[in-house]
Amino acid sequence: MVESAIGLVLAPLASFILISFVTRRAAILSAVISIAAAGISFALSLSLLVGVLSAPAGAGLAAGAHASIQWLSIPSIGRFRGLEIAMGVLVDPLSATMSVIVSLVAFLVTIYSLGYMKGDPGFSRYFSYLSLFAFSMLGLVIADNYFQTFVFWELVGLCSYLLIGFWYAKPSASDAARKAFVTNRWADFAFMVGVILLFIFFGTFDFGQLSSAIAGARGSAMLALVAALVFVGPLGKSAQFPFHVWLPDAMEGPTPVSALIHAATMVAAGVYLIARGFALFQSVPGVMETMAYLGGFTALFAASIALVQKDIKRILAYSTLSQLGYMFMALGVGSMSAGMFHLTTHAFFKALLFLGAGSVIHATEEQDIFKMGGLGKKMKITAWTFVIGALALSGIFPLAGFWSKDEILFASLSSGHIGLYVLGIAVAFMTAFYMFRLIFTAFGGTAFGGTASGGEPTEHAHVHESGPAMTIPLIVLAVLSVFAGLIGSPWFQSAFGFSFGSFIFFGRPEASHLDMTTASISTVVALSGIFLAWLVYGKKLLKAERIAAALGPLYRLLDHKFYIDEIYAWVFAKIMLGLGIVFDWIDHYIVDGLFDGLGGATRALGRKLRLTQSGRLQGYALVIFAAVAIAVVFISTDLLGGFLK
Amino acid sequence: MESHAWIPSLGVSFTLGLDGLSLLFVILTALMGAAAVLASWKSLGRKVALFHAALALVMAGIYGVFLSVDLFLFAFMWELMLIPMYFLVDVWGGPGRHKASVKFFLFSQAGGILMFVAVVALYVLHGRATGVYSFDYRVLLGTAFDPAAGMLLMLGFFAAFAVKLPVFPLHAWLPDTYTEAPIGGSVLLAALLSKTAGYGMIRFLLPLFPDAVRAFAPIAVWLGVAGIVYGGFMAFAQKDLKRLVSYTSVSHLGFVLVGIFTLTAQGLDGAVIQMLSHGLGTGALFVLVGWLEERSGTRDLDRLGGLWSMAPRLGAFGLVLTLGLVGLPGLGNFIGEFLVLSGSFHAYLAATIVAGFGLVVAMVYALRMFQLSFHGSPSGALAVRDLDAPQVLLLGVLVAALVYLGLFPQEVLKLLAALGASLGLTPGVMP
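Quick mapping for you: the protein sequence lines, in order, are chains A and B. Numbering (my numbering) for the first sequence: 1 to 645. Numbering (my numbering) for the second sequence: 1001 to 1431.
Simulated from the structure, these hints should not be mistaken for laboratory data. These numbers were taken from a predicted model, which means no experiment stands behind them. You may find that some hints are simply not true.
[Unchecked claim] Distance condition first, Cα-Cα at most 27 Å in a straight line; then the derived DSS-like pairs of lysine-lysine:
| hint | chain 1 | residue 1 | chain 2 | residue 2 |
| --- | --- | --- | --- | --- |
| 1 | A | K380 | A | K539 |
| 2 | B | K1042 | A | K574 |
| 3 | B | K1239 | A | K170 |
| 4 | A | K371 | A | K561 |
[Unchecked claim] Restraint-style ranges between C-beta atoms, simulated for each label pair:
| hint | chain 1 | residue 1 | chain 2 | residue 2 | range |
| --- | --- | --- | --- | --- | --- |
| 5 | A | I69 | B | A1400 | 46 to 54 Å |
| 6 | A | A495 | B | Q1410 | 46 to 54 Å |
| 7 | A | G578 | B | D1300 | 20 to 28 Å |
| 8 | A | L514 | B | G1396 | 58 to 66 Å |
| 9 | A | G578 | B | A1056 | 57 to 65 Å |
| 10 | A | K380 | B | Q1410 | 57 to 65 Å |
| 11 | B | A1053 | A | G39 | 55 to 63 Å |
| 12 | B | A1148 | A | I586 | 29 to 37 Å |
| 13 | B | M1001 | A | V32 | 54 to 62 Å |
[Claimed, not checked] Output of the computed footprint for chain A on chain B, the stretches with three or more beta carbons under 8 Å from beta carbons of chain A:
| hint | stretch |
| --- | --- |
| 14 | 1182-1189 |
| 15 | 1212-1221 |
No residue lacks a Cβ here, since even glycine has one placed at the ideal position from N, Cα and C.
Work out the full structure, taking the sequences as your base and the hints as a guide.
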């Protein structure tokens, strides 16, 4: 099991190295290597999952495997604790499940990219980055300690930077890449401090050892501090408010990348880390409450922005933010299974939606949904799979999203968070609305774009369905989006004796629920969201412009994404740049000026001395040296006296 | 250990010793010395022989500093580095070389003299106390001082090291000198000369004046933190690529100062790894910037851009070295910074947090640098040819060493573990 775990991480690394150094010029070969590596990772992670699940129930950690080697060690001396850092693999139901999700989506996206990136001058570079990402992400998943997690955490951040900025000649892509990396660094700064403090307080980075150590430290202030600091890391990576600003801009990257990194896997790393270190967070109620409300807020906040976006990828990006908010909410109210379950289903249907969007963009070379229209007739597979994805996201029975979203709603209800429950239902309504606004506008209607955007309608006469490299992954993901939710259904539980909770537990698995009240409310709400979207954008019975005008300031607020980006840009410009300029001035006129003045004085002295000395600098260096030597002798005559005797 | 009598009547001997710590720096010197020579293979134009003679002399001084066991010899070697370095900048440097070289010389000389005074005073004090007059480090070790004298002597040494490292605010000479120096000169200055200071602190300052160091440590740590943040912001504000890289050195070497003065094993180990990584990474960056200037004729970030598409190999190295600047895991800098921070957390919580904030600033300036020079589309005015095979090889070796440090730091730490035994330094038990 350990060998498989190592193998599934190293296969993409080997691919990255091979492509970078050997097959760089052979584009197709590079792609094949990358796909093969992702396939190997997927096969190995499946074998891990099977191995973990086939262990007897209640075996706990014994069902998995754990191995580590000491990587860096500084011995303790006296009262000072040294440092012990290990590198290891931890195979348990949670990491096995997550690695299946990651490697499966990576595998499908790599295949899809074969079609999507065809003819790009950076073809090999693209596939090498994808492999590097798969390596980093899988490394993060199977890490057995916080330090190792942090290392891979940074590496996925790097891959995200490289892939957002893949088309670096485009200034917007370059800016977006930088924004993503810098925003994440703010969060990672807190994360790293938290990780160091963890070691200082508990003497280990290891997840297993920590969970028992933490149990003994419940209620202490330092535990709260550490949990709060570590929690900031996931906020950045999973783009929760107030760190969310980088994710919508990250859509500058190639669309398959958005599907893989910025929807299905990397942005979910924050959720995964919280699940992984659940013992830590659970022991500090304040952090859990913050997590729940911040997640709920982000879910609502992002969904409201998604209502008015025009760019197909940005709609999906805000939707991702919103869904990640759901996951945080689930974790915050104490249900790790609900959070991880939604992560799983979301990975499939959101990857599907992004890849569908990619297929559309590939065909139309257009991202504004109001310049599309009638695509349903020309791109049948894309359209149908996209609708399936949207239904799954909206939580329509019996698709994947239905089960996981209801699990979250039920968890917030049963933990007594009525406010969050209501909020979650409101978000479900908005979700259904913005998704079907997109669908009715882009896929429905006539071949000519609507005029809601006021832009010139564009004819898409040349539009046709994408090739099999792109449609097959769409179909596979559509199938998963339909059925993946069933593993968390009570039926699955009664048929097989275990359910999704067993996939990820490391304590006692939570049972699956089907709360009929919640299910009915959420279904009615989602259907009415779809219906409203149909009225406005399908039938056009209600005029979108009139609604926008009626909402006035609120619409503008949403359209400008609550002006958060503007606020950050202003703060950055005023404070960071301002400080830079002030420091530059100080350095130039005060620090430098002072010493320049000294230098000038010395030089003037040197010029005078030049009358007696022949050299330039050596001249006055000699004088200085001699002067000091004399001074030394003068000062220490009495000292020297003893010696000279 | 190699020892010959030099000036026996004064107790001066020519004693060289090699242990794990000096070995690491000797390797770095050999590597970066070769890099300095290879990097300036084509660019000199005039007085080539003289240039290499001066370079060799500086190298001799650097080796001497890393190997001296005798303090007189150490001070001698310290001065030996200075004069030819001055000429390297003054003769082969850029347009502002004269001002820069004078500034460099004055700063260094002032520090050097203070150290020399301290060396002599230490010699005298020890001689008076014990009757044994010797400059031998092993003899002088463990000399007892009254606190004031100890502090003064410590500050004498510190002055010399603080200029060379440099410690904020004594960095004023650095941006000018690094920027105006020819490629080979910048490489020596950034990669090696700054390391002589860190080495000197670990080798001499800490073991000779433990009490004074302990008393002074909080100030030194805060000076280091100030350098980290200040250098970072300065780098952020620069328009000249080489000047930007110079300021990043102020920031990165701040970590070295913090690490050393945490007086913990983690801090010291981290400082050493940070020095090695900085030597390799920033040394390589100066090589790269030098070549870039040779090719494009400019270092102005507003005029650069699009270099990645124009010169992919240059771009790839630029990327890796930029990632070194931000302390990405997998490269040595990350280990150095992580160890320094984990060492300083024990005693300096607030300072550590401010220092950690320096990592955010590093991300800002490093990505800005990379974006402005390598991203974007190539402008018509700029024509840059890509690196040729020997150049790829040179940078490749340096980057490989940096990756090795990042992946196998234990190999370095192993060498440092023997440190205490060989020359009486026992990191970790200091406080």
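Hints and how they fare:
no. : hint                            : verdict
1   : A:K380 with A:K539              : holds, 21 Å
2   : B:K1042 with A:K574             : violated, 44 Å
3   : B:K1239 with A:K170             : holds, 21 Å
4   : A:K371 with A:K561              : holds, 22 Å
5   : A:I69 with B:A1400: 46 to 54 Å  : violated, 23 Å
6   : A:A495 with B:Q1410: 46 to 54 Å : holds, 51 Å
7   : A:G578 with B:D1300: 20 to 28 Å : holds, 23 Å
8   : A:L514 with B:G1396: 58 to 66 Å : holds, 60 Å
9   : A:G578 with B:A1056: 57 to 65 Å : violated, 46 Å
10  : A:K380 with B:Q1410: 57 to 65 Å : holds, 58 Å
11  : B:A1053 with A:G39: 55 to 63 Å  : holds, 60 Å
12  : B:A1148 with A:I586: 29 to 37 Å : holds, 33 Å
13  : B:M1001 with A:V32: 54 to 62 Å  : holds, 58 Å
14  : 1182-1189                       : violated (count 0)
15  : 1212-1221                       : violated (count 0)
Violated hints, listed in ascending order, are 2, 5, 9, 14 and 15; each of the other numbered hints is respected by the structure.
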